[in-house]
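> As you go down the protein sequences, you meet chains R, F and B in turn. Oh and the first sequence: position 253 is 253 in the UniProt record's numbering, straight run, nothing missing. Oh and the second sequence: position 165 is 165 in the UniProt record's numbering, straight run, nothing missing. Oh and the third sequence: position 74 is 74 in the UniProt record's numbering, straight run, nothing missing.
For the record, the hints were derived by calculation from the structure and aren't laboratory data. Treat the hints loosely; a few may be bogus.
Unchecked claim - Here are the computed lysine-lysine pairs in the DSBU-like style, where the Cα-Cα straight-line distance is at most 30 Å: (1) F:204 / B:37; (2) F:3 / R:25; (3) F:93 / R:129; (4) F:3 / R:210; (5) R:191 / R:210; (6) F:93 / F:3; (7) R:129 / R:191; (8) B:37 / R:129; (9) F:204 / F:93; (10) F:193 / R:28; (11) F:204 / R:129; (12) R:210 / R:129; (13) F:193 / F:204; (14) F:204 / R:28; (15) F:3 / B:37; (16) F:204 / F:3; (17) F:3 / R:191; (18) R:206 / F:3; (19) R:191 / R:206; (20) F:204 / R:191; (21) R:28 / F:93; (22) R:25 / F:54; (23) R:129 / R:206.
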Amino acid sequence: MSYQLENTQQGEKYNTIFSRTTPAKRRKRNARSRLRSRVLLGIYLLLMILPIYWLLNMSLQTNSEILGSMTMWPENLTFDNYIGIFTDSSWYMGYVNSIAYVLMNMLITICVALPAAYAFSRYSFIGDKHLFFWLLTNLMAPPAVFLLPYFQLYYSVGLFDTHIAVALAHCLFNIPLAIWILEGFMSSVPKEIDETAYIDGYSFPKFFVKIFIPMIRSGIGVTLFFLFMFSWVELLLARTLTATEAQPIGMIMTRTSTASGIDWGTLAAAGVLTILPGILVVYFVRNHIAKGFALGRT
Amino acid sequence: MNKVYNNRAWLLVLPMLILVSFSAIVPLMTVVNYSVQDVLGPNASFFTGTEWFKTMLNDPELQAAFLRQILFSFTILAIQIPLGIGIALIMPKSGWQASAVLILITLPLLIPWNVVGSIWQIFTRGDIGLMGWGLRQMGVDYNITRDGTDAWLTIILMDVWHWTPLVAMLCYSGLRSIPDAYYQAARIDRASKWAVFRYIQLPKLTNVLVIAVLLRFMHSFMIYAEPFVLTGGGPGSSTTFLSQSLTTMAVGQQDLGPSAAFSLIYFLVILLVSWVFYTTIMNMQKDKNSQGGA
Amino acid sequence: MSWMVWTMPTAIFFSAIAAMLAGMTVWEIVSPTIERKGFLPISTTRGDRLFVGLLSAAFIHLGVIGYTSLSIWLALAASLVWLLVLMRWG
Numbered sequence: 001m002s003y004q005l006e007n008t009q010q011g012e013k014y015n016t017i018f019s020r021t022t023p024a025k026r027r028k029r030n031a032r033s034r035l036r037s038r039v040l041l042g043i044y045l046l047l048m049i050l051p052i053y054w055l056l057n058m059s060l061q062t063n064s065e066i067l068g069s070m071t072m073w074p075e076n077l078t079f080d081n082y083i084g085i086f087t088d089s090s091w092y093m094g095y096v097n098s099i100a101y102v103l104m105n106m107l108i109t110i111c112v113a114l115p116a117a118y119a120f121s122r123y124s125f126i127g128d129k130h131l132f133f134w135l136l137t138n139l140m141a142p143p144a145v146f147l148l149p150y151f152q153l154y155y156s157v158g159l160f161d162t163h164i165a166v167a168l169a170h171c172l173f174n175i176p177l178a179i180w181i182l183e184g185f186m187s188s189v190p191k192e193i194d195e196t197a198y199i200d201g202y203s204f205p206k207f208f209v210k211i212f213i214p215m216i217r218s219g220i221g222v223t224l225f226f227l228f229m230f231s232w233v234e235l236l237l238a239r240t241l242t243a244t245e246a247q248p249i250g251m252i253m254t255r256t257s258t259a260s261g262i263d264w265g266t267l268a269a270a271g272v273l274t275i276l277p278g279i280l281v282v283y284f285v286r287n288h289i290a291k292g293f294a295l296g297r298t
Numbered sequence: 001m002n003k004v005y006n007n008r009a010w011l012l013v014l015p016m017l018i019l020v021s022f023s024a025i026v027p028l029m030t031v032v033n034y035s036v037q038d039v040l041g042p043n044a045s046f047f048t049g050t051e052w053f054k055t056m057l058n059d060p061e062l063q064a065a066f067l068r069q070i071l072f073s074f075t076i077l078a079i080q081i082p083l084g085i086g087i088a089l090i091m092p093k094s095g096w097q098a099s100a101v102l103i104l105i106t107l108p109l110l111i112p113w114n115v116v117g118s119i120w121q122i123f124t125r126g127d128i129g130l131m132g133w134g135l136r137q138m139g140v141d142y143n144i145t146r147d148g149t150d151a152w153l154t155i156i157l158m159d160v161w162h163w164t165p166l167v168a169m170l171c172y173s174g175l176r177s178i179p180d181a182y183y184q185a186a187r188i189d190r191a192s193k194w195a196v197f198r199y200i201q202l203p204k205l206t207n208v209l210v211i212a213v214l215l216r217f218m219h220s221f222m223i224y225a226e227p228f229v230l231t232g233g234g235p236g237s238s239t240t241f242l243s244q245s246l247t248t249m250a251v252g253q254q255d256l257g258p259s260a261a262f263s264l265i266y267f268l269v270i271l272l273v274s275w276v277f278y279t280t281i282m283n284m285q286k287d288k289n290s291q292g293g294a
Numbered sequence: 001m002s003w004m005v006w007t008m009p010t011a012i013f014f015s016a017i018a019a020m021l022a023g024m025t026v027w028e029i030v031s032p033t034i035e036r037k038g039f040l041p042i043s044t045t046r047g048d049r050l051f052v053g054l055l056s057a058a059f060i061h062l063g064v065i066g067y068t069s070l071s072i073w074l075a076l077a078a079s080l081v082w083l084l085v086l087m088r089w090g
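Chain R on its own, in the form it takes in the complex:
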């Protein structure tokens, strides 16, 4: 790379000498290619939004309008479906339950994953690589494999149908994920910082809480986003481990299909409401998310 030019203007000059196309022509071509990529991106985003828009559209209609005629937007705008959900405790408790176990899971996971990730990023110890691989296999283990033993395990320890049971079960894949992401972020913090802090007389816990955690703030934010995401979207385990008291919203949604047909409006409204927390969370981490998606490793 020794021949590379740092300065764009030099390159521009070089180009005008040797290139047959004039700068003006080239600029025009660039503008055209940028326009083309914007249009392509726009088409993709439009197609992507369409199914979600359709859900939103249906949630604002009455069932008779949904089934009666094809309308591209709600002609008789109604919020009855939402009002129905927010006034029925068996409905909105589903959201409370889901949010409760997701938050518990995030708290438990981050508390045990932070020290473990630190150990993996700073020390080598007997069996470290194998332990790390074993963790990753849990990330890949299909929950269907564990369904029945889970039911019996949590039943026998008396945790069945509690929020904490789902929170603990989701640790199976969330802890390995958190360690994987956090380890990437921690490894990019130079080791000299640890050593200086120890020389300055910091004890390990004090150093960890006062200095190290603030330094990887954005990494922790991104990790929490991922924990939220995977715990929020999972249903198979949550459904198996709960009955009535801690039922997740995804399970309550199945009630909309009854013998007399499916209550489409309520189903759509409930679906829209499950998307909202995600939008809120992604808004908070939007600036760090790109790095987090590469698991802190770019």
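For this one, chain R is given, so just place chains F and B on it according to the hints.
Relative to chain R, chains F and B alone:
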């Protein structure tokens, strides 16, 4: 980074180890125990030895589900990886547009999986769904509850809709890490767009692409909720994938022994594939480090 | 613990695995492993070779159980030989 050799690090790992073991090892042991017995009730079970394994390995329905699963996983990888790279290349790099596009693109990833199924169930219905209705207006005989091909295509479309954002985001973050100087050098050499992609962007992407392939393969291999809600595995069993066969057997029919044996076979396949991927990633990183040191 | 429906063979199986892990740890403390390259395409440590050996043993067993009428003890014997070969020359 040179790591310090210190076995006291185990103390830091211990809390995590206890929690994950509780969730992973105890159930796994139970599955192994089930797999060699005919479990009829809490205190009534008979030792059957390897019989369940033999039955499961030779079950034509499961073999079909396995082949369908492989076909599905490779199809969606073949679509999502190139599409994800393409989208990452045209995403805006900075400013409010970048944030807005990021938030929009991540949206499908944050929807509960069964809701994804519901969205597509509504969207593809012939009477009330925009896509189903639209296709019928155009004269296409589209029906996912009767036609297996339609159901297949719809599930693939749904998965592409749901998971391409993950690949795109991974690639986007890989592209953001390329220094501007590389592009300037390419401009001076009057490199074509293809050459820039082939010799600058793609090599930088390999790392994240391996992560993307790994995550996508694993998740598609355990896909359950979306096809279950959308098609229920049908019509017939044309869209029944491995997880669903397993869940039907274990929960629906209460066949603990056979489903446990099946789980173990499934798990061993996953273990093999993840080990191959993991070793590849680790060796790639090692190569890169040794090159950097030289 | 009764819901875990333990049987003698599975108990022996898990004890053997646990004993192997313990043994490997002790061996590692007594004489730390050196990464080397044998006939496997990647360079491996002792633990890696044990893992490869166990995983391939599992598939050997599955193959014998599912698609042949040979005795499972034959599969076990073959796996043990393969494991030793792998540990020594892998």
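> A separate judgement is required for each hint: does it hold in the structure or not?
Taking the hints in turn, this is what the structure says about them:
no.	hint	result
1	F:204 / B:37	holds, 28 Å
2	F:3 / R:25	violated, 54 Å
3	F:93 / R:129	violated, 36 Å
4	F:3 / R:210	holds, 22 Å
5	R:191 / R:210	holds, 16 Å
6	F:93 / F:3	violated, 35 Å
7	R:129 / R:191	holds, 20 Å
8	B:37 / R:129	holds, 18 Å
9	F:204 / F:93	holds, 17 Å
10	F:193 / R:28	holds, 16 Å
11	F:204 / R:129	holds, 25 Å
12	R:210 / R:129	holds, 29 Å
13	F:193 / F:204	holds, 16 Å
14	F:204 / R:28	holds, 29 Å
15	F:3 / B:37	holds, 23 Å
16	F:204 / F:3	holds, 26 Å
17	F:3 / R:191	holds, 9 Å
18	R:206 / F:3	holds, 21 Å
19	R:191 / R:206	holds, 16 Å
20	F:204 / R:191	holds, 26 Å
21	R:28 / F:93	holds, 20 Å
22	R:25 / F:54	violated, 70 Å
23	R:129 / R:206	holds, 28 Å
Hints 2, 3, 6, 22 from the earlier list are contradicted by this structure; the remaining hints agree with it.
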